[in-house]
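Enquirer: So you can see what is in the structure, the chains are spelled out below.
Protein chains: 2
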Amino acid sequence: MSKPNAFYAQSGGVTAVINTSACGLIETARQHKDKIGKIYAGRNGIIGALTEELIDTSKESKRDIAALRHTPGGAFGSCRHKLKGLDENRAEYERLIDVFKAHNIRYFFYNGGGDSQDTSYKVSQIAQTLGYPLSCIGIPKTVDNDLPIIDNCPGFGSVAKYVAVSIREAAFDVASMAKTSTKIFVLEVMGRHAGWIAAAGGLACEKKGDAPHIILFPEIIFDETKFLKRVEQSVKKHGYCVIVVSEGLKNKAGKFLAEAGGRDAFGHAQLGGVAPIIAQLCKDKLGHKYHWAVADYLQRSARHIASKTDVDQAYALGKAAVKLALKGQNAVMPIIERKSNKPYRWGIGVAKLADVANVEKMMPRSYISRNGFAITDACREYLQPLIAGEDYPPYKKGLPQYVVLKNIAVPKKLKKRFVVG
Amino acid sequence: MSKPNAFYAQSGGVTAVINTSACGLIETARQHKDKIGKIYAGRNGIIGALTEELIDTSKESKRDIAALRHTPGGAFGSCRHKLKGLDENRAEYERLIDVFKAHNIRYFFYNGGGDSQDTSYKVSQIAQTLGYPLSCIGIPKTVDNDLPIIDNCPGFGSVAKYVAVSIREAAFDVASMAKTSTKIFVLEVMGRHAGWIAAAGGLACEKKGDAPHIILFPEIIFDETKFLKRVEQSVKKHGYCVIVVSEGLKNKAGKFLAEAGGRDAFGHAQLGGVAPIIAQLCKDKLGHKYHWAVADYLQRSARHIASKTDVDQAYALGKAAVKLALKGQNAVMPIIERKSNKPYRWGIGVAKLADVANVEKMMPRSYISRNGFAITDACREYLQPLIAGEDYPPYKKGLPQYVVLKNIAVPKKLKKRFVVG
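Chains A and B supply the protein sequences, listed in that same order.
Going left to right, the first sequence walks through residues 1 to 421 as this note's numbering numbers them.
Going left to right, the second sequence walks through residues 1001 to 1421 as this note's numbering numbers them.
Just chain A, same shape as in the assembly (with noise of 0.2 Å):
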């Protein structure tokens, strides 16, 4: 019989350094054909998995997988599907193991964040339920840093550095402009639940009167009133305010300030626009002059500015999820563990999948200051580390070079055909 393959995919929102840790594990499976046969990738995600659609990722040249390492977004295509409970849709779980089975897998890998850890929790199970050999194995992704366990989300650390630096930058150009013109300026950033990418923003103060001026998280109910003053008092004392705000800002009835409608496959509301309503409050109220930015998909997809420690981290999760699938390890996910902060040291340990699945971790209250509009020392302390080292990708003809895949696809094997609802 041949040697057992091994399937991975991504799921959710993509990241600037998802890819990364795909290159840390194909690159380190590569080294293990003892062990491990084919690497296959699911073409967008597990819905790949679902029908059948696999990539074949060793018709990829060592060239290409190794420029994954820094090229963003999904190689293989991402995709938001949630399984639902095994009793609810158990015929996908079924089919999943119809597919390992047909092409000898017997390594999933899904790198994802809370949601799909959930998937991969409930895939381990129904293997076992099925009574067929698979090693399951997460491995952590999401820039809203919020899986628990973990000290801190492959993905995150990129979008931190992102946000710093650009917060920075344009608090530069304000303050040039403020004498005569814009004084106010709102950059909104991801973050649903979680005011972590928010807090980013927060490391461009180094000292006291540097931006942001302004944090607004999502954690915190957006008072009006407090909010105007605080504004009004960082114009009269520097001439301009700048202000970060979380897509996730929510008012005092629950609602997020910005609700565009629209909702994903896992339930989430569709944000965006909170900047603009802020920065129109601050000209209503105040007669300031403004200017906003949204990053959106900027933000995550920023590889030019990735962090070394995330890209090193994603590199080291994507490596040690062979590594825990060689020691015959189950239904388990690598974690970054934290050793110190100064200096800072990481290293990888391990969380039961059934620990994190759809468990959300909240920014600690002690990160936020008691006014609600600042990160505290213990914040940066946490948050510093993640954005440190710069890691650029090749450059030609001034655009980053990143790699697009051939993704041959693996012959099917099954007569059966399936659709995913």
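Keep in mind the hints are simulated off the structure, nothing from the lab.
On a predicted model such as this, the values are computed, not experimentally measured, just so you know.
By construction, the Cβ of each residue, glycine as well, lies at the ideal position given by its N, Cα and C atoms.
Just so you know, not all the hints are guaranteed correct.
Claimed, not checked - Below, simulated DSS-like cross-link-like pairs (lysine-lysine); rule was C-alpha separation at most 27 Å, straight line:
id : chain 1 : residue 1 : chain 2 : residue 2
1  : B       : K1082     : A       : K289
2  : A       : K289      : B       : K1255
3  : A       : K250      : A       : K82
4  : A       : K82       : B       : K1236
5  : B       : K1208     : A       : K59
6  : B       : K1289     : A       : K250
7  : A       : K208      : B       : K1406
8  : B       : K1252     : B       : K1226
9  : B       : K1208     : A       : K406
10 : A       : K82       : B       : K1283
11 : B       : K1237     : A       : K406
12 : A       : K237      : B       : K1412
13 : A       : K255      : B       : K1289
14 : B       : K1397     : A       : K361
15 : A       : K397      : B       : K1342
16 : A       : K342      : B       : K1397
17 : A       : K255      : B       : K1283
18 : B       : K1396     : A       : K339
19 : B       : K1250     : A       : K283
20 : A       : K412      : B       : K1236
21 : B       : K1062     : A       : K207
22 : B       : K1082     : A       : K283
To be verified - Among chain B residues calculated to face chain A with C-beta under 10 Å, some are:
id : residue
23 : R1168
24 : A1178
25 : E1206
Said to hold, decoys possible - Rough simulated footprint, nothing fancy, chain B against chain A, three-plus residues with beta-carbon under 8 Å:
id : segment
26 : 79 to 88
27 : 288 to 300
28 : 390 to 403
For this one, chain A is given, so just place chain B on it according to the hints.
Expert: Chain B in isolation, oriented as in the chain A frame:
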């Protein structure tokens, strides 16, 4: 009598490299202490000259002046204050001359765009009229790339690089998500009347199918039907559609699609927010999930991804301005001249301020594809060298290290205070 002093001011919207020109100017002037005494900078641009709020740059260390080379924004403060015609507001011009006389200023360097070079020109005229010996030298700057005669404007190359890099990165993200989620991504960029910045997004497309799939130029009247048809074509063919839209996009009635209502001191409409309009249109008419981003100030302050060509040229222009002044030139502006495309070679020439003032250089129609949604090869050939090369700032703790100058005031000499109207 002491050596004549120089005055330098930054005007209008700042850029990632206007300080680079200041650096070139100050470093060069410091090498000519036999001819140039002190370099005074206007605090908040020309307003600093009117109110006699001068900054003594000789108080800044060599190291801090060198750091201007990699610091975005306007280190001395800029302003949006257009001097009226000589006949309308002679008092302002005479006040300038009074301040220059009081501080023995014989060199006037004005770093700005078209409006600002109009001011430079008028200052040279009034000096002549009043018989005051003043060497007036303009230094070009504008992200809009709309100055005449000069091949390209410093500040533009770095915005162009930012936009091209960002759209490429976001496209990698959208491509990964398109199967089950986001199919439309819209990036709004600056450029009121000329589509230079929007065109720069087109550089990310190096082969057929690459993003951006659609560019919406201010030069091309927005045709909803034609646009939606093209979006649908792109979604069908590639699975997604990436769009760059200029803030200056207009409808058939000649109205900006996103008119924010406000107007700046130059009487220009304050724009922003066409991206969500375009995105929503794709949702309403075609049913696709979208994401959008508005880069706003992030694009023009993004020193972290500045173009090396741009940095080198901005520095050279600051340097050239001093050389022109030392040669006794007046009412001129150093310009960038393109010597060849392959390899790209450039040099410094000279233009008369009279020919530069208030003339807008539009993008040639031949730079936009016949269908109006892309750039042509001629455009690519023009733009590509301008984004070439990287020039990274130094980092500490994960953040770029930008300088904040001491900006020590020169003691006032005039009894009369001047209130800027």
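Enquirer: With reference to the structure, classify each hint as holding or not holding.
Expert: Each hint, compared with the structure:
The suggested pairing of K1082 (chain B) with K289 (chain A) holds, with an alpha-carbon distance near 17 Å, which does not exceed 27 Å. Restraint check: the Cα-Cα separation between K289 (chain A) and K1255 (chain B) comes to about 22 Å, which is no more than 27 Å; the hinted pair holds. Distance hint between K250 (chain A) and K82 (chain A) is fulfilled; the C-alpha atoms sit about 26 Å from each other, no more than 27 Å. Under the criterion of a C-alpha separation no larger than 27 Å, the hint pairing K82 (chain A) with K1236 (chain B) is consistent with the structure, at around 25 Å.
The straight-line distance between the Cα atoms of K1208 (chain B) and K59 (chain A) is roughly 23 Å, inside the 27 Å bound, and the hint therefore holds. Among the hinted pairs, K1289 (chain B) with K250 (chain A) is consistent with the structure: their alpha-carbon atoms are about 23 Å apart, no more than 27 Å. With a C-alpha separation of about 16 Å, the suggested pair K208 (chain A) and K1406 (chain B) falls inside the 27 Å cut-off, and the hint holds. A distance of roughly 13 Å separates the Cα atoms of K1252 (chain B) and K1226 (chain B); the hinted pair therefore holds under the 27 Å criterion.
Annotation: proposed proximity of K1208 (chain B) to K406 (chain A) holds, straight-line Cα distance about 16 Å (limit 27 Å). Of the supplied pair hints, the one linking K82 (chain A) and K1283 (chain B) holds, its CA atoms being roughly 23 Å apart against a limit of 27 Å. With a C-alpha separation of about 17 Å, the suggested pair K1237 (chain B) and K406 (chain A) falls inside the 27 Å cut-off, and the hint holds. Our distance criterion of 27 Å between C-alpha atoms is met by K237 (chain A) and K1412 (chain B), whose separation comes to about 24 Å.
For the hint linking K255 (chain A) to K1289 (chain B), the alpha-carbon distance of about 22 Å falls within 27 Å, and the restraint holds. Between the alpha carbons of K1397 (chain B) and K361 (chain A) the distance comes to roughly 25 Å, so the proposed pair stays at or under 27 Å and holds. The straight-line distance between the Cα atoms of K397 (chain A) and K1342 (chain B) is roughly 12 Å, inside the 27 Å bound, and the hint therefore holds. Restraint check: the Cα-Cα separation between K342 (chain A) and K1397 (chain B) comes to about 12 Å, which is no more than 27 Å; the hinted pair holds.
A distance of roughly 23 Å separates the Cα atoms of K255 (chain A) and K1283 (chain B); the hinted pair therefore holds under the 27 Å criterion. With a CA separation close to 22 Å, the supplied pair K1396 (chain B) and K339 (chain A) stays within the 27 Å bound. Pair hint K1250 (chain B) plus K283 (chain A) holds up; C-alpha atoms about 25 Å apart against a cutoff of 27 Å. Between K412 (chain A) and K1236 (chain B) the CA atoms are separated by roughly 24 Å; this keeps the pair inside 27 Å, and the hint holds.
Using a Cα cut-off of 27 Å, the hinted pair K1062 (chain B) and K207 (chain A) holds, with the two alpha carbons roughly 23 Å apart. For the hint pairing K1082 (chain B) with K283 (chain A), the CA-to-CA distance comes to about 23 Å; that is within 27 Å, so the pair holds. For R1168 (chain B), the suggested interface contact is upheld, since its CB lies about 6 Å from the closest CB of chain A, less than 10 Å. The interface hint given for A1178 (chain B) holds, since its Cβ lies 8 Å from the closest Cβ of chain A, which is under the 10 Å cut-off.
Taken as an interface hint, E1206 (chain B) checks out: its beta carbon lies about 8 Å from the nearest beta carbon of chain A, inside 10 Å. Coverage of a stretch by a chain is defined here by at least three residues with a beta carbon nearer than 8 Å to that chain's beta carbons; for the segment 79 to 88 of chain A and chain B the count is 3, and the condition holds. Evaluation of the coverage hint for the segment 288 to 300 of chain A: fulfilled, as 10 residues show C-beta separations to chain B shorter than 8 Å, against a requirement of three. For a cut-off of 8 Å, the count of residues in the segment 390 to 403 of chain A with a CB near a CB of chain B stands at 8, and the three-residue condition holds.
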